[in-house]
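Enquirer: For reference, the chains in residue letters:
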Amino acid sequence: MSLAPTERVPAATAPAGRRKPPPTGRARPGRRRVLTRRSVPYLLIMPAVLGFALFKAYPIVASFWISLTTGNGAGRQFAGLANYRRLLEDPLFWTALENTALILVVQVPLMLGLALLIALGLDSSKVWLRPLWRLGVFMPSLTGLVAAGVMFSVILNHDAGLLNWLLSLFGVDRVDWLGSPSWARVAIVLVLTWHYTGYNAVMYLAGLQGVPTELYEAAKVDGAGPIRRFVSITLPQLRPILLLTVVLSTIGTLQLFDEPYVLTGGGPDNATLTVTMYLYNNGFKFFDFGYASALAYALALIVSVLGILQVRLIGERR
Amino acid sequence: MSHSLSRRRLLQLATASAAGFGLTACGDNGAGSAAGGDGDTGTITVWSWTTAAEALRGVVPDFERDNPGIKVDVQDVGEPAIWDKITVGLASGGKGLADVLHIGVDYLPGYLEKFPEGLADLSALGADKHKDAFVKGLWPSVIGKDKAAHALPWEVNPLGLFYRKDYFDKARVDPESIQNWDDLIAAGPKIRSASGAYLLGIDKPGATQDMDFFQNLMQLQGAFYFDGDGRITLASPAAVQALTLIKRLNDAGLIADLAGEGTEKRLLGQGKIATNPNPAWAVEYLATKFPAQKGKWRVMQPPAAVPGGGRSALVNSTYLAVASSSQRRKAAWRFVEYALTKPAEINKMFASGGVFPALTGAYADPKFSAPHPFYGGQKVLGSFVESVRGNSGATNFTGDYSRALKLATDAQSQVLLKGADPATALKAAAAQLAQQTGRQQAV
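Order-wise, the sequence lines are chains A and B.
Per the working numbering, the very first residue in the first sequence carries number 1; after that it's consecutive.
Per the working numbering, the very first residue in the second sequence carries number 1; after that it's consecutive.
Treat the hints as calculated values from the structure; they're not laboratory data.
Nothing here was measured: the structure is a model prediction, and the numbers come from that model.
Any given hint could be a false lead.
[As the list claims (entries may be wrong)] Simulated pairs of lysine-lysine, DSS-like, Cα-Cα distance not exceeding 25 Å:
#1 B/K131 to B/K170
#2 A/K56 to B/K272
#3 B/K289 to B/K272
#4 B/K367 to B/K348
#5 A/K56 to B/K95
Given these sequences and hints, build the entire structure.
Expert: Here you go:
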């Protein structure tokens with residue numbers, strides 16, 4: 001919006017009390033400087049904002065538009081909610097969602113429980129060579145996702161896999177880890193737990209180290225046992241970290257792709273097909289970009305709803 | 001640099017940038033709209049994979065000698081990575097694509113259908129004159145909606161049944177007596193008990209989506225997932241017959257599970273598989289990977305899927321195309337034409353990469369009628385040439401092949417892992433394919 005000439009107040013006739021301080025530096029009179037104490041923070045965050053706009057916001061908006069269209073390449077036609085309606089009637093979408101939910105319900109609590117136990121152990125002063133144990137626990141999360149998938153495809157091989165060989169030493173029959181629908185799910189849970197437990201354990205460990213020791217000392221004086229101290233002090237103190245790990249793990253599991261992609265390809269009979277893998281198949285194998293975008297938005301909606309629910313349920317009550 | 005950039009100027013610049021960005025977004029309307037050029041000189045890049053890339057490199061010195069001004073850079077992109085790279089390139093209007101693209105028949109119709117302007121019109125550059133030079137049945141795959149050719153056939157894979165002659169001899173099974181799969185299923189238990197080997201292997205869980213055997217059994221009946229008009233035939237009698245044969249083989253305990261990395265190679269190496277339905281590329285594969293089994297293998301025409309039925313099938317084929325976005329389309333076309341229509345060059349590539357040529361003129365080379373020592377002196381390549389010539393027609397892969405393949409894989413897994421009825425599983429798969437693609441079902 002531009003100011004009309006009559007609205008301008010000449011500097012010379014402005015009331016003395018409201019006159020601005022004279023310009024400094026090389027800025028010409030009448031022009032305001034960009035580099036001020038107030039503008040510098042905005043300039044500093046501008047690269048991130050521009051990066052977000054270019055590489056995040058634009059694809060997000062473009063993807064939404066594509067989800068409302070059908071057709072090939074340049075010849076896209078607006079189709080309204082047709083892709084979303086199609087999604088509701090697609091049994092493979094529901095299978096993928098069911099698989100993802102199953103992994104979420106089974107694997108996330110298992111992994112976080114295990115991580116908490118490990119963190120409690122690593123936090124104990126009675127553990128010898130603690131840094132070494134901490135490193136060992138964290139190491140799997142440094143492994144590349146695809147590398148982990150390939151490694152486990154060798155370990156879990158039915159005929160020549162290391163795990164079946166170990167089981168055979170105890171007289172246990174070979175398990176078809178990747179070839180049976182139910183065992184393939186177990187295999188995915190196993191790989192995910194191996195990969196991410198250490199990461200969560202380190203987060204809990206950081207949280208544990210932030211709990212004031214006075215609380216434990218006071219509780220001891222009051223006669224509280226270890227379980228009571230854990231329930232009444234440790235868990236409430238860890239609440240923010242617990243919330244963080246639950247939300248991050250939920251989002252990560254809902255976006256699960258690499259491990260099942262490398263290990264099972266979503267099989268057998270779609271037992272390990274996840275929503276993101278189905279999304280990828282539709283986009284890059286079936287070239288159905290409109291439908292793939294609709295899947296992406298459906299997933300984003302599910303992630304958002306679950307995230308909000310978790311924050312409401314576990315988050316700090318004010 | 002002056003620091004006197006005013007806030008208004010800053011806003012103006014930001015607005016201009018945003019407007020430009022918005023225009024770019026509007027202008028980038030998706031696939032195949034890249035403006036290429038018809039340059040006839042310069043360096044052209046070629047995307048291929050593994051041995052095929054190596055074979056193509058062998059053509060480059062001759063080509064560059066005969067075409068001064070053009071340099072060729074063949075890149076081994078890897079497979080399956082090449083499909084993602086090409087798909088992304090086509091979806092972004094041809095940006096970042098190589099000039100020449102090596103594409104399989106499982107992807108080519110999809111690219112032509114979904115990105116109609118993504119691959120260059122080779123008819124306009126003179127491709128049609130080569131139409132009859134290739135194996136019958138391949139040309140329809142290169143034709144786009146505009147009725148123009150968009151690729152030239154390079155490789156064709158006629159089906160053969162590789163078998164362990166020593167196991168057949170041990171079981172007293174005469175290969176000549178195997179005319180159809182009923183005969184082989186009947187002989188299977190004898191071969192299994194005499195040699196301890198499975199009759200053949202399949203990836204039962206379908207992790208690799210390798211449905212070649214199922215497709216072979218349909219192709220032997222002149223059928224596929226789609227008919228010539230693109231209607232769905234995944235639940236057709238031919239498909240049910242194919243999956244029923246696989247179920248019978250499995251129920252009889254004759255199928256080894258090939259799931260997992262390198263399982264097939266390991267079982268073949270251990271001599272645990274008696275027959276191997278595979279296309280022509282396997283001739284050199286078996287000979288080079290398992291030299292210790294020299295003299296033990298032979299090849300026969302694949303048994304018919306139904307008694308009295310056909311005994312030839314084209315498993316798949318690959319092609320070279322030129323990207324529309326290429327700035328040197330004429331130079332790229334000249335390389336494609338040079339590599340794929342000269343028998344001497346084609347055979348040079350066959351010798352180095354095992355890519356069985358689609359160019360029928362290449363079969364006059366003596367190597368196609370020579371005895372092969374690995375196969376006990378059998379003229380194996382000659383039998384594949386016969387198979388190619390006996391092939392009756394095209395397989396319509398369509399742009400929805402990948403989706404059909406996925407659903408067929410699921411149906412086969414349900415039959416092999418859960419004992420599902422083939423007809424029921426295929427009927428459900430066909431219905432789902434129709435729901436997802438909007439295609440009609442035949443019958």
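Enquirer: Which of the numbered hints above does this structure break?
Expert: 1 and 2
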